[in-house]
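Enquirer: One letter stands for each residue in the lines below.
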Amino acid sequence: MGRAMPALDELAPLFRQVFDDDELTVTRATTAADVEGWDSLTHVTLMLAIEKRFKIRFKSSQVASLKDVGELADLIDALTRS
Amino acid sequence: MLADHTVDLGTAPFWFAALAALVVIVPIAHARARAVAIAAFDLGFACALAGWAGAPYVLAVVAACHVLAQLAARRLAVAAFAVLLAALFVVHKLPQLELPGGARGALVAIGFSYVLLRAIDMLRALAEGRHAPPALDGTIAYLVPFHMLAAGPIQAYDDFRAQPAVPAPLTTATALDGMERIASGLFKKFVIAQAIQLALLTGFAAGGAYALLEVQAYCIWVYLDFSAYSDIAVGLGILLGRATPENFARPLLARNITEFWERWHISLSQFIRRNLFVPIQLALGRRTDGAHPLATASIAIGVAFVACGLWHGLSLRFVAWGALHAAALIATNAYRHVLLKKLGKRGVRAYLARPVVRATATALTFEFIAFSLALVVYPF
Numbered sequence: 001m002g003r004a005m006p007a008l009d010e011l012a013p014l015f016r017q018v019f020d021d022d023e024l025t026v027t028r029a030t031t032a033a034d035v036e037g038w039d040s041l042t043h044v045t046l047m048l049a050i051e052k053r054f055k056i057r058f059k060s061s062q063v064a065s066l067k068d069v070g071e072l073a074d075l076i077d078a079l080t081r082s
Numbered sequence: 083m084l085a086d087h088t089v090d091l092g093t094a095p096f097w098f099a100a101l102a103a104l105v106v107i108v109p110i111a112h113a114r115a116r117a118v119a120i121a122a123f124d125l126g127f128a129c130a131l132a133g134w135a136g137a138p139y140v141l142a143v144v145a146a147c148h149v150l151a152q153l154a155a156r157r158l159a160v161a162a163f164a165v166l167l168a169a170l171f172v173v174h175k176l177p178q179l180e181l182p183g184g185a186r187g188a189l190v191a192i193g194f195s196y197v198l199l200r201a202i203d204m205l206r207a208l209a210e211g212r213h214a215p216p217a218l219d220g221t222i223a224y225l226v227p228f229h230m231l232a233a234g235p236i237q238a239y240d241d242f243r244a245q246p247a248v249p250a251p252l253t254t255a256t257a258l259d260g261m262e263r264i265a266s267g268l269f270k271k272f273v274i275a276q277a278i279q280l281a282l283l284t285g286f287a288a289g290g291a292y293a294l295l296e297v298q299a300y301c302i303w304v305y306l307d308f309s310a311y312s313d314i315a316v317g318l319g320i321l322l323g324r325a326t327p328e329n330f331a332r333p334l335l336a337r338n339i340t341e342f343w344e345r346w347h348i349s350l351s352q353f354i355r356r357n358l359f360v361p362i363q364l365a366l367g368r369r370t371d372g373a374h375p376l377a378t379a380s381i382a383i384g385v386a387f388v389a390c391g392l393w394h395g396l397s398l399r400f401v402a403w404g405a406l407h408a409a410a411l412i413a414t415n416a417y418r419h420v421l422l423k424k425l426g427k428r429g430v431r432a433y434l435a436r437p438v439v440r441a442t443a444t445a446l447t448f449e450f451i452a453f454s455l456a457l458v459v460y461p462f
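These protein sequence lines map, in sequence, to chains R and F.
Numbering follows my numbering, in which position 23 of the first sequence is assigned residue number 23; successive positions increment by one, without gaps.
Numbering follows my numbering, in which position 304 of the second sequence is assigned residue number 386; successive positions increment by one, without gaps.
If you are wondering where the hints come from, they were derived from the structure by calculation, not from laboratory data.
Values in this document were obtained by computation on a predicted structure and should not be read as measured data.
For every residue, glycine included, the Cβ atom is placed at its ideal position computed from N, Cα and C.
One or more of the hints may lead you astray.
[What the hints assert, rightly or not] Here are some chain R residues pointing at chain F (derived, C-beta under 10 angstroms):
(1) Glu10
(2) Asp39
(3) Glu51
(4) Ser60
[Said to hold, decoys possible] Just a sample of chain R residues kept apart from chain F, beta carbon distances all over 10 angstroms, derived:
(5) Ala7
(6) Phe15
(7) Thr31
(8) Trp38
(9) Ala49
(10) Asp68
(11) Glu71
Modelling step: build the complete structure from the supplied sequences, incorporating the hints.
Expert: Here it is, written out as structure tokens:
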């Protein structure tokens, strides 16, 4: 899944807003360990911001099981298409 | 956390069983035959532990969970059956209740506290349609894995279903890795933990100033003893080609309580996160439109950790222990929030990088862990 997707492009501004970091860049390989402040608390804040932006609704199991930004982008892509 | 270790790793039967599992299961390359062999072995081991009187109860629990799994996958009457399962847990945890002969022994022998959590994870995953209904051998291998009966870990059902039906052939390097983990666990449990127990622990009978030293020693002993079980489970998992999650990552060196729970009994922390914390925080966040993340996280933490305390034991002490940890987690979040407001991101980074800050935070975290643990076992 190396293709660039709209979801991934639109995620970067949300990440910058939630983690309060104007220089933050995200790629498909980015994980919570790569982003300062991305812990279990801010993770849900990020998910809520994404739900609002993309007008989608995650299942809590999806929120809890994401491994990296690539998986998140794929999930957003799948939910916005369905 | 204070697991009631019931599989005695110091006895020949456990190691004979482990050796038999290695000899019988590892060479099987046929996926179906392998799955059946693993399930037969796991169920046989659990029944043997429970004894003649307890074996029917083991079979009943596994059968009930399997029926529930089939119903959950079809979204039928899950809630009613889940309540029944939870009721069984409460009965199991209340020592004053009279249970039919063999039932309590059977539930203790199969580590029912862990079986319950696995059952919840399985039922939730199936009810959400994440997997097809399991075959009976799959239910058995997930619920009562012989190498994880004593003290977990609690494997996520998604991870269990994701593992290949037949693992990659065992190489010399992998075998050595597995044996090293087992040896490390044995050394921790039977040399270091044993020495601490013999030299320093009195069951808090000594009292006085010595109790303060014993609080420290007891905490280290619990870590060594508990993580030794996990080392052995992980090592056996590597040798048997059965995915077994890591459960500890130097937790006593954590610099705050949040980090501690990311490193201690990791599989339990992750269970709580995916089944309690995230669903609660997500639901509250949606209700409040994400306006009060700190408050919603605090409520989610409070509920999750009081439940965690009750899982460890249905007593006021465990409720207090859970509430204390919840309070510490909430305080840590609030402190970080205040630091960020006051110092900014770069300022916080520089502050946290100072060796004296790290050392102080690590020491305070250890003392909190040690004293909260003593609260549960101290003979007041």
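Enquirer: So, for every hint listed, does it hold in this structure?
Expert: Here's how the hints hold up against the structure:
Proximity of Glu10 of chain R to chain F is violated relative to the hint, the smallest CB-CB distance being about 18 angstroms (cut-off 10 angstroms). The closest approach between the C-beta of Asp39 of chain R and any C-beta of chain F is roughly 7 angstroms, which is under the 10 angstroms cut-off, so the hint is satisfied. The beta carbon of Glu51 of chain R comes within 8 angstroms of a beta carbon in chain F, closer than 10 angstroms, and the hint placing it at the interface holds. Among the interface hints, the one on Ser60 of chain R holds; its C-beta lies about 4 angstroms from the nearest C-beta in chain F, closer than the 10 angstroms criterion.
Residue placement check: Ala7 of chain R keeps its beta carbon more than 10 angstroms from all beta carbons of chain F (closest about 19 angstroms). The claim that Phe15 of chain R lies off the interface holds: its Cβ sits roughly 14 angstroms from the closest Cβ of chain F, which is beyond the 10 angstroms cut-off. Consistency note on Thr31 of chain R: stated as away from chain F, and its beta-carbon is indeed over 10 angstroms from all of that chain's, at 14 angstroms minimum. With a minimum CB-CB distance of about 13 angstroms to chain F, Trp38 of chain R clears the 10 angstroms threshold, and the non-interface call stands.
Residue-level check failed: Ala49 of chain R sits 7 angstroms from the nearest beta carbon of chain F, not beyond 10 angstroms. For Asp68 of chain R, the non-interface assignment is confirmed: its Cβ lies about 16 angstroms from the closest Cβ of chain F, beyond the 10 angstroms cut-off. Listed as outside the interface, Glu71 of chain R is consistent with that label: its C-beta sits roughly 13 angstroms from the nearest C-beta of chain F, beyond the 10 angstroms cut-off.
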